[in-house]
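A.B. asks: Each chain, letter by letter, is given below.
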Amino acid sequence: MSDVALRMERVYKKFRKGEVYNSLRDLVPALTGKMFRQPELSENDNREFWALQDLSFEVKHGEAFAIIGHNGAGKSTALKILSRIMQPTKGRMVVNGRLSALIEVGAGFHQDLTGRENIFLYGTILGMTKSEIESKLDQIIAFSGLEEFIDTPVKRYSSGMFARLGFSVAAHVDPEVLIVDEVLSVGDYVFQQSCMERMRGVINRGATVLFVSHNLKAVTELCQRAILLQHGKTVTIGSTDSVVRRYLSDAAKPADGAYKPVYISQVTVRDRHGEQATFESGETATVDVELTARAAVEKLAIVLWLTDQSQYLIFDTSTERLGHRPFSLRAGESYRCTFELKLNTAHGAFHLGAAIYRYDIQREYDSKLPAATVFVGATMAVRGAVNCFPRLVAAETLASASTHECGV
Amino acid sequence: MKKQLKELYKYRELLYMIAYRDIKVRYIQSIMGFMWAILMPVLIVLSGVVVRYAYALAAHQPLKTVDITSVAVKSLPWAFLVSSIRFACLSLINNKELVTKIYFPKEIFPMAAIMASLFDLFVASGALMVFLLIVRTGWGPHLAWIPVLLLTMVVLATGIGMIVSAASLFFRDVKFIVEVLLTFGIFFTPVFYDVSMFGDKGKWLLLNPVSPILDGFSACIAYQQSPDLAWFGYSVGFALALLLGGYMFFKHLEPAFAESI
Chain S
1 MSDVALRMER VYKKFRKGEV YNSLRDLVPA LTGKMFRQPE LSENDNREFW ALQDLSFEVK
61 HGEAFAIIGH NGAGKSTALK ILSRIMQPTK GRMVVNGRLS ALIEVGAGFH QDLTGRENIF
121 LYGTILGMTK SEIESKLDQI IAFSGLEEFI DTPVKRYSSG MFARLGFSVA AHVDPEVLIV
181 DEVLSVGDYV FQQSCMERMR GVINRGATVL FVSHNLKAVT ELCQRAILLQ HGKTVTIGST
241 DSVVRRYLSD AAKPADGAYK PVYISQVTVR DRHGEQATFE SGETATVDVE LTARAAVEKL
301 AIVLWLTDQS QYLIFDTSTE RLGHRPFSLR AGESYRCTFE LKLNTAHGAF HLGAAIYRYD
361 IQREYDSKLP AATVFVGATM AVRGAVNCFP RLVAAETLAS ASTHECGV
Chain P
1 MKKQLKELYK YRELLYMIAY RDIKVRYIQS IMGFMWAILM PVLIVLSGVV VRYAYALAAH
61 QPLKTVDITS VAVKSLPWAF LVSSIRFACL SLINNKELVT KIYFPKEIFP MAAIMASLFD
121 LFVASGALMV FLLIVRTGWG PHLAWIPVLL LTMVVLATGI GMIVSAASLF FRDVKFIVEV
181 LLTFGIFFTP VFYDVSMFGD KGKWLLLNPV SPILDGFSAC IAYQQSPDLA WFGYSVGFAL
241 ALLLGGYMFF KHLEPAFAES I
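Going down the list, the sequences are from chains S and P.
Mapped onto the working numbering, the consecutive letters of the first sequence carry residue numbers 1 to 408.
Mapped onto the working numbering, the consecutive letters of the second sequence carry residue numbers 1 to 261.
Here chain S stands alone, though its shape is the one from the complex:
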């Protein structure tokens, strides 16, 4: 066996959008219609688009490799081709070794079955044999921490319990090639930590891992090499650090040539006295975001977020989530939104990101990161990402227990 675990060779994937005949009732008239009409070639071409174009890369055994890119860059398509759910339109994909894809933790669980039965069901779906699951059953149950509920139907589980059970099964698959999608990074902080821990374990055991994520922190921590995709094409491939740097610099560019019907024209940060970039921890910053529309656009929302220096998302909000109805703009109109953020962060530099987003069709019109950078100073010695404004209320030696045995 060669030392290549996974190889994509000039892979292309084409999708059709628009009209697809999905019932016989539509298909039959369409077919008979076609016999009498001239074929409309040009129209057909418009309905097709390439989700991936000429994608080639190689992942060696024991390597951790990341695929990064914006929404719609083709990551999910690449992943579906790698996990063999979809076939490429052109090109070839080669996998050496047992492949397992953690695309959605808990997909395949059945609500009416108990936790134990679902372990067997999901385990076999992920490619384990029954005897393998039996031998690992105790471990899986222990890892999930759901011993008490293991014979309860999973429909009575909370979503957290559901995810824990799903991940416990997935984490015990022991594949040679593991494909991990973004969805692993949903869930609470503790769950994410255990996912990361387990991922590190899998990599240390010598498995090949392919990681698809927006979470740049996780990507830099876990992977040695990465590929950056944009609109289905490869932008760059190389060491994770250089690829992430390229990704960020691309994101920061004002406009990448593409026509934007509405764009972020200005982002300013100020305090009570005027424009300002340095704040004390706990102080309130006022952020103005200005948009300008080149054409009429509808149902917009503004998204504002904060990341730390390693691009780790620490806060995220939007006009929609703050209860402001989506707004529309006519051509030439401008719009301003003012946010107030209480900078409850620890000491450090933070990047402010802003984006114009339309929720119902999930379209991002423009995005800026960093739109601004703020420096937060803390007089107190706090470490970590946030400032909880600690106060020491008491600190004293208590009398030892032996002298106060009857004190209860």
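Calculated from the structure, these hints are not laboratory results.
A hint or two may mislead.
Said to hold, decoys possible - On the chain S side, residues computed to face chain P include the following (Cβ under 8 angstroms): (1) L27; (2) S76; (3) K80; (4) F120.
The beta-carbon is built from N, C-alpha and C at its ideal position, and this holds for glycine as well.
Keeping the supplied structure of chain S fixed, place chain P upon it in accordance with the hints.
C.D. replies: Showing chain P alone in chain S's frame:
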């Protein structure tokens, strides 16, 4: 194709697991589960008895026990076929999550649906056995035909199941068409009546590949005879061809499943 079959064999545990899930889920509300397994055949048998009684009245002849036995014996495999096709037809659509997210041979879904229906058939056969004991149907060497007949039925159901499951994924009205065909299929299949009632014209009915199989069940259980070998051979050939064609059709479309669902 050899590679595909090898892969299917590799995933056999998943097939059992999905079939187990389908059965378990159906029987979890035990009343509904047993109703499904018993009620359908009972209803078919009762309608058959009514129809048979009407024949007897029209012909001025008494209704014989063996006629009822024959109807009962044919109703169960028919109910199996109907439920197999119905469940197989929806099997891919109902497992959308798995079809679009995880790789494995997808023919497992229609096959599991058929295995679950087979389980229902066994449950219903228990009830039928009681009935046969009560009416004192005789035992004989011809009963050895039952496994062969049943296997042919399963092969036929699998072939049809593969075709309808894949087709219903691409064309959402296929399931309605299938439902209509299943509803009216009983009139073109000798369940309530015997092919022999039609005399010479009976051979036209036997062209329906299900007919010789049902006739075979009736012959070997109710009448203690061998099935009509020539016609049964035709059914076997038809079933095998359908299975092969259905499997190839399914595998041909499978790569497009995730994009089309």
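A.B. asks: Next step is simple, just say for each hint if it's right about the structure.
C.D. replies: Hints and how they fare:
The beta carbon of S/L27 comes within 7 angstroms of a beta carbon in chain P, closer than 8 angstroms, and the hint placing it at the interface holds. Given hint, S/S76 at the interface with chain P, is violated; its Cβ is 11 angstroms from that chain's nearest Cβ, farther than 8 angstroms. Evaluation of the S/K80 hint against chain P yields a held restraint, the C-beta minimum of about 7 angstroms falling below 8 angstroms. Interface hint at S/F120: satisfied, since its Cβ lies 6 angstroms from the closest Cβ of chain P, which is below the 8 angstroms cut-off.
Hint check: a violation occurs at hint 2 only; the rest are consistent with the structure.
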